[in-house]
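Enquirer: Which chain is which? The protein sequence lines are A and B, in order. Going by my numbering, the final residue of the first sequence carries number 276, and the count climbs one at a time with no gaps. Going by my numbering, the final residue of the second sequence carries number 276, and the count climbs one at a time with no gaps.
Please note that a few of the clues may not be correct.
A pair holds if it fits inside one copy or across any two, identical chains being indistinguishable in the list.
[Stated by the list, open to error] 30 Å max Cα-Cα, derived BS3-like pairs, lysine-lysine:
(1) 177 / 3
(2) 56 / 68
(3) 171 / 89
(4) 89 / 200
(5) 195 / 217
(6) 56 / 200
(7) 112 / 89
(8) 132 / 171
(9) 217 / 114
(10) 171 / 222
No lab work stands behind these hints, which were simulated from the structure alone. On a predicted model such as this, the values are computed, not experimentally measured, just so you know.
Protein chains: 2
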Amino acid sequence: LKANNNAAIGVFDSGIGGLTVLREIFALLPFENTIYLGDTARVPYGIRSPETVTKYSFESAAFLASKGIKMLVIACNTASSISLERIKERFPLPVLGVIEPGAKAAVRATKNKRIGVIGTDATIRSGSYPKAIRALDGEAEVIAIPCPLFVPLVEEGWIEGDVARLTAEKYLLPLKHTGIDTLVLGCTHYPLLKGIIGKTMGPDVALIDSAEETAKEIKEKLIIEDLRMTEGGKGHYREFFVTDSRDRFMAVGERFLGERIEHINIADLSEEVAR
Amino acid sequence: LKANNNAAIGVFDSGIGGLTVLREIFALLPFENTIYLGDTARVPYGIRSPETVTKYSFESAAFLASKGIKMLVIACNTASSISLERIKERFPLPVLGVIEPGAKAAVRATKNKRIGVIGTDATIRSGSYPKAIRALDGEAEVIAIPCPLFVPLVEEGWIEGDVARLTAEKYLLPLKHTGIDTLVLGCTHYPLLKGIIGKTMGPDVALIDSAEETAKEIKEKLIIEDLRMTEGGKGHYREFFVTDSRDRFMAVGERFLGERIEHINIADLSEEVAR
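The shape of chain A in the complex, shown without the other chains (with noise of 0.2 Å):
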């Protein structure tokens, strides 16, 4: 069964990371009906074990498929690296989510097959990323670091300045001098960071923003799914929930997105677990 072409593009993150990825949809897909679904009562998932993030992870695509949305995607590096292959099994609809199209990204970006990847400490641990590119590319070499202060540094909004460059080059550094000519921003808060990252790794290393690739990939996904919002479409949404504060979410999110953030729904997911 085909699913509606006006129902909307479902897109879950822990928190308010995916806005970033969401961001990019608008960009690219304006007249897409959206909804956004953070996980901001649980948020960060980076940081627990694969159990957790993909019980978390069902949840929140169940809630999201509750809503009848036509497609689903996983605008979190820490869920996509874990739940993706899991939560394509389980939900009946297409799936995707940030690791392949920042993969595919970068495989076509290097020139010396040397491929840097930063993202949370669960991100790299899952392996991932390595495993994604060296399934496009065997002979692509992957240097893979957790950078866990990055997130906590764009939440505060300290993204220039002093505290800033120096965490920056206390990661990257060492990562630039293994001679990696592309680097993956494996975590949807790295692009408000693109500046720092990208002065500290210098013009000659390419910077791939999964948020973007990620975007690129759904369009394609929807013309090739015939999926695409009719022309005639009415009622045009974009539409929000949190698990917790919408404050928070209102006054933070709006740096992620680039725009305003007008109304918050609160999600209560422990009413749409999908046993």
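Could you slot chain B onto chain A? The hints should help.
Expert: What follows is chain B alone, placed relative to chain A:
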């Protein structure tokens, strides 16, 4: 009904931070049995709404109460700030938080009645320290500021070096210039940053470690309520429970506790919810 003197002291925190309180309990009350619960599946509480913090705190308290403890210690500034009174109402046990002991020590220490407090967003927003301090001394002036990056810095192990120093200066120099003579470390992670905080504030500002003060208060309360371990008390134990992965808790927790954690159990709070 008086509790069994040989029952354990139950201690809970959103994660590993409360281990600094447990460490002081071990030092001051080495013969007491203890059960520690870290809600690592949902850490950190400091960025969540009051409703969510209370819900999670009730679940943690109910879990420990079900173990037959003789006293409950909320070793988390955020949960103490927001949920202490309601937990006291709900659970028929002596219950202690970490705010009151820190506030008392600050009032004792200050000479110019200008007291600074640092903590997480949620602790500072709750206003619990200014309220507790002014209840003890109506003339005290309290300047409270959130330092959200301190927790991730400690968890990353960056407790000295340039990043820690610059972060401390950015948060604390404006506070120093207000002329406070006493600073309450209003977060259980902060004792690990005492070195850099002390250097930044200088020798004329007294640092109040709420973990130390809380242990003293626990000892006092055990004596008053005649709840100390009896001399013939047998089967000494120190139990640890977490709601998520043991590995991270073990690796990071030892830095907080100052000794090895031999065995960690997994607690499923969803089964213990007090509805």
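Enquirer: Give a verdict on every hint.
Expert: Hint-by-hint comparison with the structure:
Taking the shortest Cα distances, residue 177 and residue 3 never come within 30 Å of each other, neither inside one copy (47 Å) nor across copies (63 Å). Proximity of residue 56 to residue 68 under the C-alpha cut-off of 30 Å is found in both arrangements, the shortest distances being 19 Å within a copy and 26 Å between copies. For the homomeric pair residue 171 and residue 89, neither the shortest alpha-carbon distance inside one copy (37 Å) nor that between copies (45 Å) is at most 30 Å. When the C-alpha separation of residue 89 and residue 200 is checked against a cutoff of 30 Å, the pair qualifies neither within a copy, at 38 Å, nor between copies, at 53 Å.
Taking the closest pair of Cα atoms, residue 195 and residue 217 come within 30 Å of each other only inside a single copy of the chain (19 Å); across copies the shortest separation is 48 Å, beyond that limit. Taking identical chains as interchangeable, the C-alpha atoms of residue 56 and residue 200 are never at most 30 Å apart, the minima being 38 Å within one chain and 44 Å between chains. Taking the shortest alpha-carbon separations for residue 112 and residue 89, neither the intra-copy value of 33 Å nor the inter-copy value of 64 Å comes in at or below 30 Å. Proximity of residue 132 to residue 171 under the C-alpha cut-off of 30 Å is restricted to the intra-copy arrangement: shortest distance 26 Å within a copy versus 40 Å between copies.
Taking the closest pair of Cα atoms, residue 217 and residue 114 come within 30 Å of each other only inside a single copy of the chain (23 Å); across copies the shortest separation is 59 Å, beyond that limit. Proximity of residue 171 to residue 222 under the C-alpha cut-off of 30 Å is found in neither arrangement, the shortest distances being 39 Å within a copy and 46 Å between copies.
In this structure, the earlier hints numbered 1, 3, 4, 6, 7, 10 are contradicted, and the remaining ones agree with it.
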